[in-house]
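Protein chains in written order, with the numbering used here: chain A, 1 to 620; chain B, 1 to 620.
Possibly wrong hints are sitting among the right ones.
[Unchecked claim] Covered stretches of chain B (chain A as the covering partner; in silico rule of three or more C-beta atoms under 8 Å from a C-beta of chain A): (1) 222-228; (2) 308-322; (3) 370-377.
No wet-lab data here; the hints were simulated from the structure. The beta-carbon is built from N, C-alpha and C at its ideal position, and this holds for glycine as well.
Protein chains: 2
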Amino acid sequence: MLTILTEKRTLGVNFHDECSPTALVWAPHARKLALVAENRQQYSFKRMEYGYWQCACPGLKPGDRYLLQINDKKELPDPASLSQPDGVHLASQCIDLNTIRQIKSESWQGISTAQLIIYEVHVGTFTQQGTFKALTQKLAHLKELGVNAIEIMPVAQFPGHRNWGYDGVFPFATQHSYGGPYELAKMVKACHDHCIAVILDVVYNHLGPEGNYFEEFAPYFTGKYNTPWGKAINFDDAWCDSVRRFFLENALMWFRDFHIDGLRLDAIHAIKDDGPKHFLAELSELVHMLNKKNNSRHFLIAESDLNDTRVISPIQENGYGMDAQWCDEWHHALHALLTGETNGYYSDFGKTSHLAKAMNHGWVHDGIYSQHRKKIYGTPTAGIPGERFVIYTQNHDQTGNRIQGDRLSKLTDFESLKLAATAMLMSPFTPMLFMGEEFAEQNPFLFFISHSDTHLVKKVQRGRKREYRDFMKNGDPPDPQDEETFKKSKLNWNFTGEPQKVQLFNFYKACIALRQSHPLFKQIDRHNTRAIDIKGSEVILFYRQHQGRSMITAMNFSHREQSVSIPGVIPEQWEVLLYSGHEKWGGHTPESEQQVIMQENEIASLALCARSALVMAVKA
Amino acid sequence: MLTILTEKRTLGVNFHDECSPTALVWAPHARKLALVAENRQQYSFKRMEYGYWQCACPGLKPGDRYLLQINDKKELPDPASLSQPDGVHLASQCIDLNTIRQIKSESWQGISTAQLIIYEVHVGTFTQQGTFKALTQKLAHLKELGVNAIEIMPVAQFPGHRNWGYDGVFPFATQHSYGGPYELAKMVKACHDHCIAVILDVVYNHLGPEGNYFEEFAPYFTGKYNTPWGKAINFDDAWCDSVRRFFLENALMWFRDFHIDGLRLDAIHAIKDDGPKHFLAELSELVHMLNKKNNSRHFLIAESDLNDTRVISPIQENGYGMDAQWCDEWHHALHALLTGETNGYYSDFGKTSHLAKAMNHGWVHDGIYSQHRKKIYGTPTAGIPGERFVIYTQNHDQTGNRIQGDRLSKLTDFESLKLAATAMLMSPFTPMLFMGEEFAEQNPFLFFISHSDTHLVKKVQRGRKREYRDFMKNGDPPDPQDEETFKKSKLNWNFTGEPQKVQLFNFYKACIALRQSHPLFKQIDRHNTRAIDIKGSEVILFYRQHQGRSMITAMNFSHREQSVSIPGVIPEQWEVLLYSGHEKWGGHTPESEQQVIMQENEIASLALCARSALVMAVKA
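The following block holds chain A by itself, in its conformation from the complex:
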């Protein structure tokens, strides 16, 4: 099966140089199948092996709309549709992927995952226009900031014009309101021309509830497992081979035709597969094969809640072979420390020792008991390179799943934002920013939808209220269906009269520049680093060492000024690289003031303002 997959797309409607367009549909239980073009011309499918149906469609042109007619009755859009210009319920549109594939940056060579500094973007709220095109106009900002990859939240066609993307129902169709497939391809090209990689968030664990006609075609779901979204996608039950193929082809299309660099796989803990080769391992193999064949550098990042190194271990070691995974517990350790929040999953965190452990191990629960989960959780991470952990001080989930969608900028003080940025950017892990965090965006990022199914809307509204039951003291959650909720979530790009926006942006720039240019970051791996929790002080010292040189990042999480001694460091050796408390970054300390003081016996001592971070280089 895999050999088919390295060739051109086969599912859906395809155009060819030398013969008529063809269509391929998987519908094992159908008795009859026809493609109905917008001019009502019908093309009859012929049944093939394993429940596939094939037909030639002479006369069908790119841009034409079509539906699939099952058993002479229902006319439905194509599960493998590439475009849904009239929404999720109406006709699919033919797209010639050959022309998409031509939209390509000539200079782009791909990026190594070890270098990644990611910036997570929701296309609809990143700009006022909310399109791929408008996003392209912000590339100069991102370039100046210094990130080298954007990760865009899912773009598979969802119901209506406003959605985070996780309600997508046409995994191959690019959201029309964002600009559709051609605009996406152009955006990717523009990013690549700016030396920015593009990571696409894809959802292989469920399909959205509205416009989901998959079960009319084939057994895409299984009752073996229950997920938060109902029945699981069928990766291991009867007929699973073709479901697996559907999603493998999808991944392949983004890489091969849209030149997407990496995929971020949503909530892989809900991709249930008891078979001998997990779907994700098969997907990894496909990507490795593609990279080998084309000398390309495509990669996979999983969102995993499992704290299980199996996800990011090589296939040869019985892992899933993911290049990296999201590391929520690093976030939780930092967030609980910065905000003092102790509700829900934050109850397992809140001490500097947690963050120190996260700095050393990626996640905190590595085989220890979690009071929140009520079980022993996670595996040790020894031997796993640091780049395999994607960390963040906030992301769409951690922000948007709060009742008022508050960003960290609303939950803590300005100094803490710089402290958080330092912890993330000096870490041995792969940092990811959430759009706007670099300029302390004050607007919330709320949960929003624009379904047309009113029952469903009510259900979502009720569900959100229920979810927030314990936090409803501040009034009802914003109505997810209300367009205002969406509008309120857009970034405010106006920096005038907002010095802190500029100061924070410059601080992020400086941290990123340091990470990208300092020789000690050439050996970025975590095995050269060590975090020490200074007992009783709420201070973490983070060491990075290589060939006799070292860098110390001192982070004061307390709300008081502190003096921290660094044994063994003598005056000639140190150099302050960055101090978040300096006035130029909006802090209270003039640049002329010394942060490193020598005490008796020549022990270096750091003067750290409340909630500040200092990075210094020490020569041997």
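With chain A fixed as given, assemble chain B onto it according to the hints.
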């Protein structure tokens, strides 16, 4: 946690040499807990960590009945009860495991899994009395037959007096109607004194529906997965550690206190565990640790439908470390060939090529498409020793899940029974007989229950009818609740006037003796063997080779006499070891007749009656 487990039992009521009896119960959501003795004396539990409750019970004696009172209300039997003399709904009974542990054979040293010849027994129907004690009286028969292990279907307390055992609800309590824990211990001792190992079938994938009070105590189940029996046992969700511990302690008790040699783990494909270490891997580790500590030879055999070598691969290779697993597909390949049945899962089988593949690979679907399952199924078995596959020509499931519970003796002719036995016993796998097959038992093995919950009884009755919907031409299935159904399933030990019973028994004896004594079986492993499907003839030649010697088993599955040539074998070399068609085994060929004939060019040619098997030794 594992370190606790190698010590004495901790859950339930325990007796100690030097202090009062103690009780330990896991009930994390209880607000109050008390043990109520039969004299109404109450002992109050004290809450411990992780939802455990502990108390001392001075005055409580072995044999006393007790209940557990939750929140001053419900009084329920103990989930970790060792004895339920009044059935599943009433009081538990205290048992002193220390005295059980003393009932021990002094001579028994354990057995290697490579030597096993297993005999599956249902205690209730094996003898007229249906007890452990009565079973003991048949050990001379088993000893004469030559098997060296019995595998007894589950003995955990189930509702009523008649049940296969898979409706057990007290995993630690030995079925009272079989004789209870002391009689089980005595039976194990008697088996060991006869050099027969005891394998116990245990059910860790579900608990029976009647008398199941587990959820009153703790979250033993999870809604994450659906199994044929409803919600899955909670091996990986919140609170799972104590559920895992419960079953680990159970396994340990059978080994440590009852001196059970091996456990047969029911339907492990329904033991759902997405955690980093599968419950079965943890169980394997426990058994390895126990063996190392005590220099013992306990082992684990899984019933697995997965065709996945992960189950029987070592833990170091990310396997579950099972010592062996049931191999249904070997059975299916043989059964379809012998009976010509093609319904249900037999549709994937029926040719000699299937059985030849099974003789070579254990299972047939090793990464190929299964028409019945509608998916690519299984993994290749290269490198897995033959002893890890337990094979059978029939077992309780394959017999008892037929509408009329017909054994192979009812489905095919007498000659085919010997052919089947030869295929099994000459194979490189671990053979398992189902009680009575060695004397062509004619009584059925039917599905039977004796629930007291009438709603449940109706549900089971309806369920059975539904299951057999497609096969109901021969009338309704026997009523599982009717005692007659149980009685009809008992073995008929009367051999008088039944020469075939004796002939078949003697044939089994001869095959087993050959397997146990012939030098070529010292190297029993499958890598010295090869099955060849002789195209167009329905004959399989099975070669076993070692150090220049070889053994050839020729099996004629056709309904006609055949002559099969064996190239390269010359007269001085061969010796017939066993021929199923001989008169002494009830066949039609006088012993004086030659089965190996030399043709021109001195090619040996075998004369094989319809449905016969011949084993011959060939010297180099």
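Evaluation of the provided hints:
{"no.": "1", "hint": "222-228", "result": "holds (count 4)"}
{"no.": "2", "hint": "308-322", "result": "holds (count 5)"}
{"no.": "3", "hint": "370-377", "result": "holds (count 4)"}
Of the numbered hints given earlier, the model fails none.
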